[in-house]
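First to last, the protein sequences are chains A and B.
Taking the numbering used here, the leading residue of the first sequence gets 1, the next gets one more, and so forth.
Taking the numbering used here, the leading residue of the second sequence gets 1, the next gets one more, and so forth.
One or more of the hints may lead you astray.
[As the list claims (entries may be wrong)] Cβ-to-Cβ under 10 Å is the rule here; a few derived chain A residues that face chain B: (1) T56; (2) E61; (3) P64; (4) A67; (5) S108; (6) D110; (7) A112; (8) A116; (9) M120; (10) G121; (11) L128; (12) K130; (13) V149; (14) G162; (15) R205; (16) S206.
These are calculated hints, taken from the structure and not from any lab test.
Just so you know, even glycine gets a beta-carbon here, dropped at the ideal spot from N, CA and C.
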Amino acid sequence: MNVIQYFERHPDEILQATVEHIWLVGIAMLIAVAIGVPLGILVARRPWLSKPILGTANVAETIPSLALFGFLLPVPWLGDRAARLAIAALALYALLPIIRNTAAGIASVDPAVSEAARGMGMTSRQILFKVELPLSMSTVLAGVRVSTVLTIGIATIAAAVGAGGLGEYIFRGLAMVNNSLILAGAIPAALLALAADFLLSVLERSLRPGR
Amino acid sequence: MSANANARPGPKADDAVIAFRGVHYALPGGQVLLRDINLAVQPGETLVLLGRSGAGKTTALKLINRLLEPTGGEVHVDGRATLAWDPIALRRHIGYVIQETGLFPHYTVAENVALVPRLERKAAPYVRARVEELLALVGLDPASYIERYPHELSGGQRQRVGVARALAADPPILLMDEPFGALDPLTRGEVREEFQALQKRLGKTIVIVTHDTSEALLLGTRIALFEAGEIRGVYSPKEFLASREPVAAAYAEQLRRLEQFERGT
Numbered sequence: 001m002n003v004i005q006y007f008e009r010h011p012d013e014i015l016q017a018t019v020e021h022i023w024l025v026g027i028a029m030l031i032a033v034a035i036g037v038p039l040g041i042l043v044a045r046r047p048w049l050s051k052p053i054l055g056t057a058n059v060a061e062t063i064p065s066l067a068l069f070g071f072l073l074p075v076p077w078l079g080d081r082a083a084r085l086a087i088a089a090l091a092l093y094a095l096l097p098i099i100r101n102t103a104a105g106i107a108s109v110d111p112a113v114s115e116a117a118r119g120m121g122m123t124s125r126q127i128l129f130k131v132e133l134p135l136s137m138s139t140v141l142a143g144v145r146v147s148t149v150l151t152i153g154i155a156t157i158a159a160a161v162g163a164g165g166l167g168e169y170i171f172r173g174l175a176m177v178n179n180s181l182i183l184a185g186a187i188p189a190a191l192l193a194l195a196a197d198f199l200l201s202v203l204e205r206s207l208r209p210g211r
Numbered sequence: 001m002s003a004n005a006n007a008r009p010g011p012k013a014d015d016a017v018i019a020f021r022g023v024h025y026a027l028p029g030g031q032v033l034l035r036d037i038n039l040a041v042q043p044g045e046t047l048v049l050l051g052r053s054g055a056g057k058t059t060a061l062k063l064i065n066r067l068l069e070p071t072g073g074e075v076h077v078d079g080r081a082t083l084a085w086d087p088i089a090l091r092r093h094i095g096y097v098i099q100e101t102g103l104f105p106h107y108t109v110a111e112n113v114a115l116v117p118r119l120e121r122k123a124a125p126y127v128r129a130r131v132e133e134l135l136a137l138v139g140l141d142p143a144s145y146i147e148r149y150p151h152e153l154s155g156g157q158r159q160r161v162g163v164a165r166a167l168a169a170d171p172p173i174l175l176m177d178e179p180f181g182a183l184d185p186l187t188r189g190e191v192r193e194e195f196q197a198l199q200k201r202l203g204k205t206i207v208i209v210t211h212d213t214s215e216a217l218l219l220g221t222r223i224a225l226f227e228a229g230e231i232r233g234v235y236s237p238k239e240f241l242a243s244r245e246p247v248a249a250a251y252a253e254q255l256r257r258l259e260q261f262e263r264g265t
């Protein structure tokens with residue numbers, strides 16, 4: 001049975017795995033953005049925090065993904081449910097590009113612009129929300145895009161701890177030495193990554209400031 | 001802070017709009033950028049801070065709107081030390097124009113000019129009328145510029161928008177850092193002349209930083225000559241040209257040579 005036949009016979013099953021996959025990645029990305037953007041702002045504002053914050057995120061990035069899932073297993077609340085565990089691990093991986101790009105985006109705002117903003121009596125809050133964040137939005141989004149593509153790939157490993165998603169097919173295929181089964185998981189995952197990359201890059205371009 | 005001991009406190013001390021009293025400014029690393037600056041700017045005058053790059057003139061300007069804080073002495077605005085002001089209130093009380101204009105690239109011309117009135121929560125119809133009035137004042141046709149973005153403007157037009165933005169909240173004081181420095185010579189001459197006319201009409205107290213002697217003579221009612229972090233003297237344009245103080249004389253000599261060249265002798 002080749003992979004096309006497999007798709008034809010089990011469309012619902014594959015669709016369900018794809019939705020699971022999107023859900024895992026989506027929630028993980030929401031969490032990563034909610035944590036990563038504020039951390040990026042903090043890094044831009046307090047350069048002395050840049051080493052500890054980026055360093056920690058960097059270390060998280062270097063842990064092999066399978067090992068990270070394993071490490072998180074005994075953590076009390078996280079280890080209770082496979083999906084929880086998977087989302088936490090994925091969010092941790094997604095963090096670094098978001099922090100780095102947010103900090104870089106804010107740092108790249110023309111100093112003349114931020115000086116003028118300060119000189120005209122804007123508070124630092126106003127400068128952040130009306131000037132720095134809008135001007136770095138496309139850079140922040142580029143980070144989110146890189147993270148999303150990365151996370152879609154890594155999320156296949158979530159199946160190893162029973163969190164479902166397209167990785168199920170890959171692991172099953174590996175165990176059964178069945179290439180069609182592996183491809184049944186790998187192809188939708190790759191398409192998902194391409195689609196996310198395309199959609200986010202369109203959004204990113206539309207947010208690029210003039211000049 | 002020993003310089004404070006002699007400073008006369010209270011708003012009635014004198015009628016200067018801006019006063020530097022024994023001001024020192026040093027970087028955290030210890031490098032001294034300004035030492036013992038004493039200077040008073042009278043209401044309605046245009047004081048030019050003239051000097052070469054690194055002489056400390058921009059530093060002095062930033063001490064006025066508290067973008068920097070003195071490490072010794074005090075800067076007074078309207079009789080109150082800048083450190084006693086709420087920095088936001090102080091800066092909204094003072095218009096600020098810089099060389100690169102610092103226009104917000106994601107804001108239209110109208111939004112840029114309307115920035116401070118909007119921060120002050122002025123009513124929308126008032127803000128719109130004010131923007132049109134200001135653009136007309138700096139010589140830009142409101143109808144054709146309001147919707148444009150800064151990157152769609154020439155350098156001269158951007159500079160005019162920068163001036164309009166600084167005037168938006170009608171601040172009694174205007175600080176300008178090399179306002180015409182980034183313009184080509186022809187545009188520069190034009191904008192400068194327009195600014196001169198504007199200056200007469202508005203009667204604001206203005207402090208301009210420049211390294212251009214002819215600009216200083218043209219725009220300034222008085223000229224403060226900065227050299228290596230100190231003030232060498234404060235002159236009227238006439239006194240400046242006649243001064244025997246070596247640095248001032250060097251500037252004047254430079255200018256005379258240029259004029260001779262122009263006359264072809």
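Going through the earlier hints one by one, which of them does the structure break, listed in rising order?
-> Of the numbered hints given earlier, those the structure breaks are 1, 2, 3, 4, 5, 11, 13, 14, 15, 16, listed in rising order.
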